[in-house]
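Protein chains: 2
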Amino acid sequence: MALRARALYDFVSENPGEISVVENEILTLYSEDVVDGWFEGTNSRGESGLFPASYVEILRTEEGFSVQGNGTAGNIYNPRTGSEYAYQVRGDTSSESTPQRHGYPTSQGSDDDWDDDWDDNPTTTTMATHDPSVRQHKHQPSRANSVSSRGSGGQQARSSATVGKNLNRFSTFVKSGGEAFVLGEASGLVRDCDQICVVMGQFGPEWQENPHPFTCTIDDPTKQTKFKGMKSYMSYGLMPSHTQIPVNRRYKHFDWLYARLVERFPVISVPHLPEKQATGRFEEDFICKRRKGLIWWMNHMTSHPVLSRCDVFQHFLTCSSSDEKAWKQGKRKAEKDHLVGANFFLTIVPPAAPLDLQEVESKVDGFKTFTKKMDENIVQVNVTIAEFSRKQMTGFKKEYHKVGQAFRLLGQVFELDQQVYSVKLNQAMAFTGAAYETIGDYFAEQPRQDLDPVSDLLAIYQGHLANFPDIIHVQKGALTKAKESQKDKDVPAAHDIHERCNIISCATLAEIQHFHRTRVRDFKAQMQHYLLQQISFFQRITAKLEEALHMYEQA
Amino acid sequence: MALRARALYDFVSENPGEISVVENEILTLYSEDVVDGWFEGTNSRGESGLFPASYVEILRTEEGFSVQGNGTAGNIYNPRTGSEYAYQVRGDTSSESTPQRHGYPTSQGSDDDWDDDWDDNPTTTTMATHDPSVRQHKHQPSRANSVSSRGSGGQQARSSATVGKNLNRFSTFVKSGGEAFVLGEASGLVRDCDQICVVMGQFGPEWQENPHPFTCTIDDPTKQTKFKGMKSYMSYGLMPSHTQIPVNRRYKHFDWLYARLVERFPVISVPHLPEKQATGRFEEDFICKRRKGLIWWMNHMTSHPVLSRCDVFQHFLTCSSSDEKAWKQGKRKAEKDHLVGANFFLTIVPPAAPLDLQEVESKVDGFKTFTKKMDENIVQVNVTIAEFSRKQMTGFKKEYHKVGQAFRLLGQVFELDQQVYSVKLNQAMAFTGAAYETIGDYFAEQPRQDLDPVSDLLAIYQGHLANFPDIIHVQKGALTKAKESQKDKDVPAAHDIHERCNIISCATLAEIQHFHRTRVRDFKAQMQHYLLQQISFFQRITAKLEEALHMYEQA
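Protein chains in written order, with our numbering: chain U, 20 to 574; chain V, 20 to 574.
Hint data in this document are derived by calculation from the structure and do not stem from the laboratory. Owing to the predicted nature of the structure, the values given are computational and were not obtained by experimental measurement. Wrong hints could be hidden among the right ones.
You can't tell identical chains apart in this list, so a pair holds if it fits in one copy or across any two.
[To be verified] In the DSS-like style, the derived pairs of lysine-lysine whose C-alpha atoms are separated by at most 27 Å in a straight line are:
#	residue 1	residue 2
1	Lys344	Lys245
2	Lys242	Lys417
3	Lys502	Lys245
4	Lys443	Lys392
5	Lys506	Lys382
6	Lys387	Lys417
7	Lys382	Lys421
8	Lys543	Lys382
9	Lys543	Lys421
10	Lys506	Lys387
11	Lys543	Lys417
12	Lys502	Lys308
13	Lys250	Lys347
14	Lys416	Lys308
15	Lys443	Lys387
16	Lys392	Lys352
Please build the complete structure, drawing on both the sequences and the hints.
Okay, structure coming up:
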């Protein structure tokens, strides 16, 4: 019989050969083979082509269960029973993934492949897009070992008609652990040092500030080799301001850290890492671009009150590069962290007074509109900036060069007249020609100084904007649960659910607040930088022209 | 029988429907009808199409004479015998003319049409191109009334095998009167005040400077009406610095003056008048452009040692606008001036020591190369400037507008977040957006300030460069005659011819010297003006950006 699958998310085809799929749409697969992360099949509109394997779950009605295209989810809810699905070729390295197309990378290393010499091993890393599944990583809420279950009163899962589990078992709400937490299924030991406080600030809930703020610089990467130069990689020198001890990290370390953070903090927007590139990764342009991207990333990390303080990030920043044992120890500890997903919410300490959930809903809805609009506008601004950049590097440069050549040309014909009174003018004209050619070069070099950084900033924010739908989804899920529980006052856990929804809401609003604050800070700084660069650019042009003008005084 | 014509000059077709003709080529005409200055016919290569009637002479072998397409030349050598050629539709207003295509206008008014209310009466004005016939105007060397014949020793025309008349009776050398002068056929009364001195300067012969230099401003023209507003024309207010008495002149007065000067000074480059336009001549842009052109023209006139002092120009500058009688008197006097054409050379007083004619030849050849190259380069520079101008007014403006809109767009989405700490940033972003839109406008407006004046200057020089081939031709003709006379020492007039050739050479070199001096002066001034405008332009941009930057300090 035909092999069928159900779409878990919307996917919009962007390239020839791809087909679009709509959430819940039933698709016919040609085979179970996953090629480079893609299935081939036909959608309900009869279009045939490729779509991401991780966006669908195969329907096996005769076996009575369905399996998400991504093996990880199956791990949680459907312990693998030895059935060897072709898409499980990723094995243990599976992170929630989308086939390579564009966007930012995430990877989940393991000790086994950790020492791989290549930064960009395609079998251990994948490219994520702005798709809703990006932020999920495997998290296995421990149902046993429930030592403490703060806020859930130690309650185990209970289903009722009104406050049951989400029917879509693979929604972000479910995967983030949000549902499990709201339903009181999360449990774990939360030490004092693990607590994350949300305080009530002037503009609503906000993360308690890091009492020991620090920054971290990233040096130009150096090329390192292994195995007598057979294998090489780039190493970045990091210098955290609070330790003043330099450490060296490779891109894959950043990548591993990123994966840890994403699974650890379901309602925190972890900044995306700069784009990775399979080829030419030792080329100067790419190295420079990636370093700038990593600096932006690092600035966002160190300025986040929660991310900056978390263990895994501190381990990354402070563990000696030469102490391999200490590194592996910290690495394993981080990978075994039980306060991920649902349990993350156990660590949140909300302000004393609970929030008005209706007000929360309105704020979150407002923010949803904001992110949607900002995302749209950024796309448009990016197009404009890229075009303006291109025009300056080509058209503007060409025009000023041509004008320079025209003045040179006039100067050259004037040189045919060798009379004394003409000489200085001829020299001045030649100089003017050269000046305009230089100005053309200025135009060509300028975007790197001013438009590129704006573009880098927009990229960081596009990453955040791609994160927020999931964060909002978790809060919405919690709110829905709270509303359902209130409708039916008989639900014994209604109060607890409301309380846990409050925790999720506080965390979400704190994160939104943090987003706005850093946005205002970043865009102010970036616009100032842009304008300063532009001013200095036009001043350099003016100086060049004044130099040329001066030549005529002697003519 | 087929009507045939002989090409007097090369004509290169530039538009569909036109055919190229080569000097001396025999053409077959379809008819004698001149349509808008064009004949239709077939050239010797079998190509059919249009060519300028004034470039050919009709061959009427059965009548034993040939008539140049232009009725004027026929006037000189073949007094019209009442034969009504179709191309004589121009009647008395005929000046040497080329059909309208491009270039500068020349016209020769008459009392009859003087009071015509239209500046641009197509029956009294024609458009000249850079063709060798442009500079010729009707000049009838009076063979009788030879009161004095300075330099020719009172000799009348004499022909010999070696120093005969030019076979091409219509060459510039002939038409300018150069040949007649060299052969001693020129005669006229030259008063002391008519004498034009060439002195030996540091760099060779030069015109004696005007001991009373002056300038003349041209005000914005005002629209005047006649016949109760039925007819209207533009009137320019002129203010010569040496009289300080304002006079009003219309374009047709300039046009008339131009025609007088061209016939009066065969080896002086009379600056071309700004282009005339049949329609839209009251439109602001055109008025502004023409006024700027007239200012350039006037500057060249007042700074020329010979042109600035001549009677007809002084009459134009000083005759009261309201004294119609005085005006007409001066007008008639100028039109009857006998020191035109060949007789002009009678007025030249050369330096005491005659020039080395070989050196003259080498200088003139060098200058010929110079003008040819400069003309070519100016064409290229003009294309570049026009394109740069257009780019700034369209592409550059658009790009800066688009960037402005992008910043606005970001500011707009930021306004969705109504938090207090965001407000100043939002305002600053909106301001930055507006600033870039303004900068776009600056770019669009700038060419008018800096590139247009360069372009105007180039136009004036294109006019000069179009004049010089004829001037050089006259000198070359004289030199050839001198060489011929030297070859055959028996020619009795050899010494006189050599002396007269020296006079023409002195005048030519003085004019070349003047050209170079004004060129250096003009281009130096124009480049300084251009650079000053550019500097002020980039400073305005910088100021605008600093204003925008300032907004962020408060954000």
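Could you place Lys543 and Lys382 in one of the four classes (within, between, both, neither) given a Cα distance threshold of 27 Å? within (24 Å within a copy, 66 Å between copies)
How would you classify Lys502 and Lys308 at a CA-CA limit of 27 Å: within, between, both, or neither? neither (47 Å within a copy, 76 Å between copies)
Using 27 Å as the alpha carbon limit, work out where Lys443 and Lys387 are close: within a copy, between copies, both or neither. between (66 Å within a copy, 23 Å between copies)
Checking an output row: Lys506 and Lys382, CA cutoff 27 Å. Within, between, both or neither? within (22 Å within a copy, 106 Å between copies)
Give the relationship of Lys506 and Lys387 under a CA distance limit of 27 Å: within one copy only, between copies only, both, or neither. within (25 Å within a copy, 101 Å between copies)
How would you label the pair Lys344, Lys245 (within, between, both, or neither) given a Cα cut-off of 27 Å? within (19 Å within a copy, 104 Å between copies)
Evaluate Lys416 and Lys308 at a C-alpha cut-off of 27 Å and name the case that applies: within, between, both or neither. within (23 Å within a copy, 30 Å between copies)
For Lys502 and Lys245, with the copy left unspecified, which applies at a CA distance of at most 27 Å: within, between, both, or neither? neither (58 Å within a copy, 88 Å between copies)
Under a CA distance limit of 27 Å, which applies to Lys382 and Lys421: within one copy, between copies, both, or neither? For Lys382 and Lys421, the Cα distance exceeds 27 Å both inside one copy (55 Å) and across copies (32 Å).
Using 27 Å as the alpha carbon limit, work out where Lys387 and Lys417 are close: within a copy, between copies, both or neither. neither (44 Å within a copy, 33 Å between copies)
Alpha-carbon proximity between Lys443 and Lys392, which holds within one copy, between copies, both or neither at 27 Å: between (59 Å within a copy, 20 Å between copies)
Is it within a copy, between copies, both, or neither that the alpha carbon of Lys392 lies no farther than 27 Å from that of Lys352? neither (40 Å within a copy, 81 Å between copies)
Of the numbered hints given earlier, the model fails hints 2, 3, 6, 7, 12, 16; all others are met.
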